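First to last, the sequence lines map onto chains A and B. Per the UniProt record's numbering, numbering of the first sequence is gapless, rising by one per residue and ending at 394. Per the UniProt record's numbering, numbering of the second sequence is gapless, rising by one per residue and ending at 257.
Quick caveat, the hints were computed from the structure, so don't treat them as lab data. Treat the hints with care, as some may be off.
Heads up, simulated SDA-like pairs for lysine to any residue below, C-alpha to C-alpha not over 20 Å straight-line [what the hints assert, rightly or not]:
(1) B:Lys-114 x A:Lys-208
(2) B:Lys-114 x A:Leu-124
(3) A:Lys-361 x B:Lys-114
(4) A:Lys-361 x B:Ser-109
(5) B:Lys-217 x B:Arg-194
(6) B:Lys-75 x A:Pro-130
Calculated from the model, a selection of chain A residues having no Cβ within reach of chain B, i.e. all distances over 12 Å [said to hold, decoys possible]:
(7) Asp-127
(8) Leu-150
(9) Ala-218
(10) Gln-344
(11) Phe-389
This structure is a prediction, so every number in the text was calculated from the model and none was measured. Here a beta-carbon is modelled for each residue, glycine too, at the ideal position from N, C-alpha and C.
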Amino acid sequence: MTHFEATCFETLDYIKNSYSARICQLEEEKKAGKKIVGTLCLFVPDEIIFAAGADRVILCGGKNDAVSIAEQYLPRNICPLIKSSFGSIVNNGYSGVKSCSHFGLVDMVVAENTCDSKKKTYELMGDYVPTYVLDLPQKPEGPAAVKYFLEELNKFKGIMEELTGNKVTVEQLKKEIISSNETRKLLHRLYDLRKREYPPISGLDMIKVMQKQYVLSAEDFKEALRTLINEAEQTRADSIAGSKDEFTHRPRIMISGCPMPGGSTKVPEIIENRGGLIVVEESCTGTRSFWDLVDENKDPMTALAERYIKIPCSCMTPNDRRIDNILELAREFKVDGVVNYTLQFCHGYNIERYKVQQALKNAGIPVLSIETDYSDSDVEQIGLRVDAFMEMLS
Amino acid sequence: MISVGIDSGSATTKAVLVIDGRIAANNIRPTGFDFLSAAKNGYEDALTNAGIDKKDVNGIYATGYGRNSIKFADKAVSEITAHTMGVYHLYPAVNGIIDIGGQDSKIISVSDGKVTDFLMNDKCAAGTGKFLEYTAKALEVPIEELGSLALVSKEPASITSMCTVFAESEVISLRARGFKKEDIAAGLIESIARRVAVMVRQVGLKQNVAFVGGVAKNAGIKVFLEKELNISLYVPPEPQITGALGAALYGVSKKVK
Numbered sequence: 001m002t003h004f005e006a007t008c009f010e011t012l013d014y015i016k017n018s019y020s021a022r023i024c025q026l027e028e029e030k031k032a033g034k035k036i037v038g039t040l041c042l043f044v045p046d047e048i049i050f051a052a053g054a055d056r057v058i059l060c061g062g063k064n065d066a067v068s069i070a071e072q073y074l075p076r077n078i079c080p081l082i083k084s085s086f087g088s089i090v091n092n093g094y095s096g097v098k099s100c101s102h103f104g105l106v107d108m109v110v111a112e113n114t115c116d117s118k119k120k121t122y123e124l125m126g127d128y129v130p131t132y133v134l135d136l137p138q139k140p141e142g143p144a145a146v147k148y149f150l151e152e153l154n155k156f157k158g159i160m161e162e163l164t165g166n167k168v169t170v171e172q173l174k175k176e177i178i179s180s181n182e183t184r185k186l187l188h189r190l191y192d193l194r195k196r197e198y199p200p201i202s203g204l205d206m207i208k209v210m211q212k213q214y215v216l217s218a219e220d221f222k223e224a225l226r227t228l229i230n231e232a233e234q235t236r237a238d239s240i241a242g243s244k245d246e247f248t249h250r251p252r253i254m255i256s257g258c259p260m261p262g263g264s265t266k267v268p269e270i271i272e273n274r275g276g277l278i279v280v281e282e283s284c285t286g287t288r289s290f291w292d293l294v295d296e297n298k299d300p301m302t303a304l305a306e307r308y309i310k311i312p313c314s315c316m317t318p319n320d321r322r323i324d325n326i327l328e329l330a331r332e333f334k335v336d337g338v339v340n341y342t343l344q345f346c347h348g349y350n351i352e353r354y355k356v357q358q359a360l361k362n363a364g365i366p367v368l369s370i371e372t373d374y375s376d377s378d379v380e381q382i383g384l385r386v387d388a389f390m391e392m393l394s
Numbered sequence: 001m002i003s004v005g006i007d008s009g010s011a012t013t014k015a016v017l018v019i020d021g022r023i024a025a026n027n028i029r030p031t032g033f034d035f036l037s038a039a040k041n042g043y044e045d046a047l048t049n050a051g052i053d054k055k056d057v058n059g060i061y062a063t064g065y066g067r068n069s070i071k072f073a074d075k076a077v078s079e080i081t082a083h084t085m086g087v088y089h090l091y092p093a094v095n096g097i098i099d100i101g102g103q104d105s106k107i108i109s110v111s112d113g114k115v116t117d118f119l120m121n122d123k124c125a126a127g128t129g130k131f132l133e134y135t136a137k138a139l140e141v142p143i144e145e146l147g148s149l150a151l152v153s154k155e156p157a158s159i160t161s162m163c164t165v166f167a168e169s170e171v172i173s174l175r176a177r178g179f180k181k182e183d184i185a186a187g188l189i190e191s192i193a194r195r196v197a198v199m200v201r202q203v204g205l206k207q208n209v210a211f212v213g214g215v216a217k218n219a220g221i222k223v224f225l226e227k228e229l230n231i232s233l234y235v236p237p238e239p240q241i242t243g244a245l246g247a248a249l250y251g252v253s254k255k256v257k
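One chain only, chain B, in its complex shape (with noise of 0.2 Å):
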């Protein structure tokens, strides 16, 4: 059985070819204006990365923000059960998820790879990827490296907006107020954690918890978001895909065509 997941998300498109149960290629790209050529670009890599032909694949499904739009998938299914198949399928005890994406963040509650409860950020970017790449060029370090910085900080600076808009320009005073650098970026990081950390007790998540998403990848945020939530999170290997990894795996369990 060859199934492929393509995870369509607002920054990135992340493809997963998965045989057997078993991921054999991924493919990770920028989406860029058209969701649709992302998809099909990411998806003809991971075909080429394992080298299958197009016509074994048994089925392709879609996830993520442009899901719908993936129209030469079989079907689409939504990013808060893909990503618990995903996740499910890496971590079987897992009973809570993180997702932070690039325009989302969502909380997920799980029992025995079912969602029993989920919760998404309001219509605002607070707390999500986008709100590091505005604060970071503000700051002007590159997005990847502001997970590190904070984590020399001694001293975090308070950020106290949530709103993205704002908090670029209270960084902007910050700076102006010669603040450090590093503790300008815990501080960034510290709110990210904060308004996370809300909405996961909101949902009553307590143990055994994922954390998934491109901000996963940072792991300055790991760092805070246990120290704010006081427990381990397991962080998988590749973040990013669990997504397209349970998109491909929702097609396996549904043999839909």
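Looking at chain A on its own, in the form it has when it is part of the complex (with noise of 0.2 Å):
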């Protein structure tokens, strides 16, 4: 078993360790008279958030500490992501420790209704810090979905214009939207690296340059981007982390299901610490946050609600465009095998594991499932499965 060399790319450096400079620049702002809006999903436009002159930064727990204190005021039973979100919100007001200083930054949380553990959290959420509940349609086919989707942005341009007090012109939003897309583009071109033979970045690394894209601001982002795919791309596509031959038998990994927000980083690593390479990830923290871009010619609140409507996510049924856009990124990505992670009581993502266990199944593709919590607990078992999955692979 050879232990995977981290690559080393200056940028990601920065990535990783831009925490506390983010913190800082959003108290400079909110000094200046700027609103800071506070997200948990991705079906929340940040066009019209950054178009009214506000900032955001995304707030899901993906860290295990908050998850005791939050199981004080919610059910045991619910996915370790609300109860480590929600835990850190009533942590941030109620003890002396921060579990993260986000959250006392934010003037507005803009929810949404996506699973039901979200939405019934949300109502208790409102009473720590003012949240808005953006809703969606459940069915997300045909024009009827869209059309409600619209009127439910326009009056959450609305709720942003009262925020901040500022106009939501189209001419902003268009500038935004073109901004968005640069970003989309930008990593488009990062994940098309890692389609090579041999990628330049390691799956563990790229999953923390996608968990710091909601907390770092648009620009800083962006920016870290092109430096991260500048350097990469001047980098011998043979002689990153270590030798070719390191590379030689490695399963080309895809992950798919739940998100993993910043400290949620186990089974990424269990996969590359055994054998595995993650080429790609179709899930929140992955694929599903920048694949589709917002259509720069038509009105602009039309085309925000067409593309976000699309976002591939369990809480909508039926999530067909899901299964066809796994086994397009199979493709894509000439994947080995898929491991299908989800989150302990996610019921939407680990009911529709059935769904993307056949459909793999037809295609000839090897699926692991693992459902797992922030906890070490099951580090182990885990291992197990995916030992025997590598050798499954090779």
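Join the two chains, each given in its own frame, into one complex according to the hints.
This is how it looks when you write it as structure tokens:
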């Protein structure tokens, strides 16, 4: 078993160590009168927040320490992501230790109607921080869904205008759409590099970049991506992270399923330390966040509604788009196997697992399903499954 | 070619010595707290039994829960691959394996001796040797007798709890309600069989299925499992050592040292 050597681009260090700098940046912005919006899901369009002159930071919790705090208020059997997020909010105001410095900085949380656990938790969250819930149509296909979502986005635009005191203009929206599309195109370029036989960046590093996507300011993230792409493109493909031999028998893995917010990297670590190479993530911390662009030639609000409603999340029904997407990504990134990653008690993705498994089996692509939480108690058990999966793929 | 496989399980440690593809000796012992000592002692006993000197051994291969802590082994391999190789050696026609060990149950789909799919129980003891151990205690029956006792039952009690701890209290409550010992034993084993059968159907095993691991020694489980699945299962004469055997054979096939 060869231990995976992390790729060492300077920009990666910058991205990984950007947390404190970002907190200072947000504090400065607040002093200057800027409003800070916290979001917990990809369905909330950044473009509208930015067009209103606010900044945003994603509040999804990936750390285990806040889970037990949340369990004082929430049932144990909901997913660790929600418990971690909620625990961080509660911990921020009511005890000496702050779990996450972002929570204290936000003027408003913009939540969304996705899974049951989330939407009910938002009702409790409102006691701690102003919370606005964006409603989503649950059946995403067809013009009625886009029409409904457009209405919701218009309401949301009004809320942002009220919060910031700024009018959201068509020109401003168009500018933000072009800017966000630029980020998406940069991410496409970075992911294209991973299609190589010997990708210049490890999956674990890539996940850490993606985790910072919504923590860093849009401009800083874009700048970091540009330098990272330059660094990665200049590196000789066969000389990265050790010799070519080291890569020879590394099965190419796709992770598909639940998001992996900052702090939650247990499974990718196990996969890459036990011989796998993650080449693509079909998740909210992966392709789902940037895959589709917003149409720059349409009315901006309609274009936003059309793009965002397409995100293939398991809270939607049916969610066949996700299945098609997984199969397409598996081909594009030439994966040898898929790890279907779900969080314990995440009913949406856990139920959808069956459809994902069937689709992959029919396509002849091996799949390993892992259901876990943020604790370390199952590291050995997961390690065994991953070992066996790697042996099966070799 | 002399190769040794060591299966360092959560409950027992198994060592198998293979000479030119044939089992020359084996040793089974409780793992206890110290995985490494159990492995070392098992290895040495197997050598002594076969009259082989350490220096003549070509390779040592570890598998099982403690596989990565057996420092004197040349290489480690997962239990999934090891059991598959071991069982395939004994039954080349096999295309499915049920392995119930101390803390894991594994269902493996096999094609031409290669793993094509597998499923393991959640991080919970339901349907494993641990479940039997705890519930046998609640029933005050030695674990070895639980299976034969269950076979006497004409009317198995219904055990609905999947959780080991709750099943234990369910047993106590059935005792309090005056149920017969054999009926409770049968109920427990039936509940394991049901649990395992669900996993077997998920993986899609239909025929030529082998049943291995420590729990396969329990005749009662085999009978109930066969009834539940409506197939007959191959159980090797010594079902506990297929993992260690497979690890030894893995070494032979890889020629790694």
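Against the structure, the hints come out as follows:
| no. | hint | in the structure |
| --- | --- | --- |
| 1 | B:Lys-114 x A:Lys-208 | 35 Å, violated |
| 2 | B:Lys-114 x A:Leu-124 | 51 Å, violated |
| 3 | A:Lys-361 x B:Lys-114 | 16 Å, holds |
| 4 | A:Lys-361 x B:Ser-109 | 13 Å, holds |
| 5 | B:Lys-217 x B:Arg-194 | 18 Å, holds |
| 6 | B:Lys-75 x A:Pro-130 | 57 Å, violated |
| 7 | Asp-127 | 34 Å, holds |
| 8 | Leu-150 | 42 Å, holds |
| 9 | Ala-218 | 40 Å, holds |
| 10 | Gln-344 | 9 Å, violated |
| 11 | Phe-389 | 8 Å, violated |
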